[in-house]
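Undergrad: One line per chain: the protein sequences are V and G, in this order.
In this note's numbering, each residue carries its 1-based index in the first sequence increased by 1.
In this note's numbering, each residue carries its 1-based index in the second sequence increased by 4.
Hints were generated in silico from the structure; no laboratory data involved.
Remember, predicted model here, so these are calculated numbers, not experimental data.
A virtual CB, placed ideally from N, CA and C, is assigned to each residue, including glycine.
Just to be clear, a hint being listed does not mean it is correct.
Stated by the list, open to error - Quick list of simulated restraints, FRET-style, between CB atoms: (1) G/Gly94 / V/Lys129: 56 to 66 Å; (2) V/Ile115 / G/Gly94: 57 to 67 Å; (3) V/Tyr163 / G/Arg145: 23 to 33 Å; (4) V/Asn67 / G/Leu49: 46 to 56 Å; (5) G/Asp45 / V/Ile7: 26 to 36 Å; (6) V/Ile6 / G/Ile141: 46 to 56 Å.
As the list claims (entries may be wrong) - Computed cross-link-like contacts, DSS-like style, restricted to lysine-lysine with a CA-CA straight-line distance of at most 25 Å: (7) V/Lys100 / G/Lys56; (8) G/Lys60 / V/Lys103; (9) G/Lys55 / G/Lys75; (10) G/Lys55 / V/Lys170; (11) G/Lys60 / V/Lys210; (12) G/Lys95 / G/Lys72.
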Amino acid sequence: MLDVIINVAILIISLIIVIKAADVFIENISLIGLALGVSQILLGVTAAAIGTSLPEFGSALLAIINHSSHMGVGIVIGSNIWNVAGIFGITATITGFIKADKKSLSRDGLIAVITGIILLFLMILSAKFTNPSILSNGEVGVISHEFPTVIGSIVMVLFYLYYFKVLIKDQKNDFRHFKKETAEKMYEQEEFIIDSSFNVDNLKEKKEKVKLKNVILMIVSIIALAVACNLLISSATHLSHIMGIPETIMALFTLSIGTSIPELVVTLSSAMKGLHDLSLGTIFGSVTFNILIPIGLLSFFSNVRVETLSLYFDAPIMILITIVAILLFKFNNMKLNRTSGLLLIAFYIVYAYVRIFSLGGI
Amino acid sequence: MYNKILVPTMGKYMKQLVDHTLKFVDGRNAEIIVLYVVDDDVPFLTPTLLKKDMIKELALKGGYFLDKSEKLIDLESNPNISLRKILKKGKPNEVIVDVAREEEVEMIVLGSGKNILDKHILGSVSEKVIHHAPCNIFLIRTLNKEFTE
């Protein structure tokens, strides 16, 4: 019992450190980037895309390094199912609705679905090449770094880079048409009476010198992130052994929900403030990043083990729920209303029940 | 009487708020202060850069809505109105009450806003302002589906 309490405590503390360290790292690397002349738009898009997904990336990376790569894949797929069903569901239920812009939904939603299909295709292809029996029995299989996985990894990373380029282009257009004009007006003219606590300078691109403090914080935070991710994975592994829970279940639910806390708080609070674009972008952006970068990059350098159930059940569910969420938006006048939100939550509960109690071996 | 009126806006129902305020003023000389409050309250573990992004986005939205309020008031057709636009950061209900007190406004024009279910789940800025305002409130029954964004 004491062992369980200690490991739960380590898991919670390391999770908080992972999230905070990822935050400090992204903030400082962004400040350094700005000082080095990287455009604010590029940094903004990077921060939005990676900012909330770094905990998933770090823990998936550490899981793969620690030879628990099926946990890494579990974190990625579990996070994506939770992001779409759980976080969209909770946000729409609490705020009443999430509004989608037609262009963003078509772009980000479609990319998220294609990404899921690429992952599923890669998993099937790799399983066939490396261990055909995985397709017929329940054993853990391997995505090896042999052909065709290397090709798949390259495709995934290139696909992400393409998506990233599209995001930057769209952000530039957006900024040009409406935001820059307002920002200039607010900055240049005395037309508004603006709170003294407001840093209007933030509305404009501003270049400063690289500060040693930022470099130190960046290094310290990346070390803290690695150490905390390691602790997170090892405590989750210990807990699963002590409690007799399969490691994949631990990854699919505990770790994925835990590492998705930044997505939850950003999506919920931005929807409450009426920033629906940010809510939508956070979820679909994370879903895309979670698959393409951790799995894409890591399967290039190392073997990635995948459980058969992830191949046959979790990955198809992930794609299905993303399509369902997009359709719910489309058939409700580009809004995800409270009823749709409750439907998504119900979907997640049924999925979790079936996965844990019927298929997961508990 | 009621020569200084505060109209807080979050962008929604702005046309309704402006229309009713102008009807209320009814050609008399009045100073209208339109206020947009950037709600900077975010939960624990929100990434810092995304919090900054949210505040920046809301500030830009605020600037846009304040400009829009000026267009809706149409100062050329209403020369009796003098307009001030204020953008502040903080908790909306607290800032609205503070501005009303500092500016010694005589009336605050508010929208009734959310439906009863949303009010229970999310809370209501209008209800909080009503209990702490230093002046009278003109509550406009805003309809949920009517957006002026």
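Undergrad: Now, for every hint given, state plainly whether the structure supports it.
TA: Each hint tested on the structure:
no. : hint                            : result
1   : G/Gly94 / V/Lys129: 56 to 66 Å  : holds (59 Å)
2   : V/Ile115 / G/Gly94: 57 to 67 Å  : violated (42 Å)
3   : V/Tyr163 / G/Arg145: 23 to 33 Å : violated (50 Å)
4   : V/Asn67 / G/Leu49: 46 to 56 Å   : violated (25 Å)
5   : G/Asp45 / V/Ile7: 26 to 36 Å    : holds (35 Å)
6   : V/Ile6 / G/Ile141: 46 to 56 Å   : holds (53 Å)
7   : V/Lys100 / G/Lys56              : holds (22 Å)
8   : G/Lys60 / V/Lys103              : holds (23 Å)
9   : G/Lys55 / G/Lys75               : violated (30 Å)
10  : G/Lys55 / V/Lys170              : holds (23 Å)
11  : G/Lys60 / V/Lys210              : holds (22 Å)
12  : G/Lys95 / G/Lys72               : holds (22 Å)
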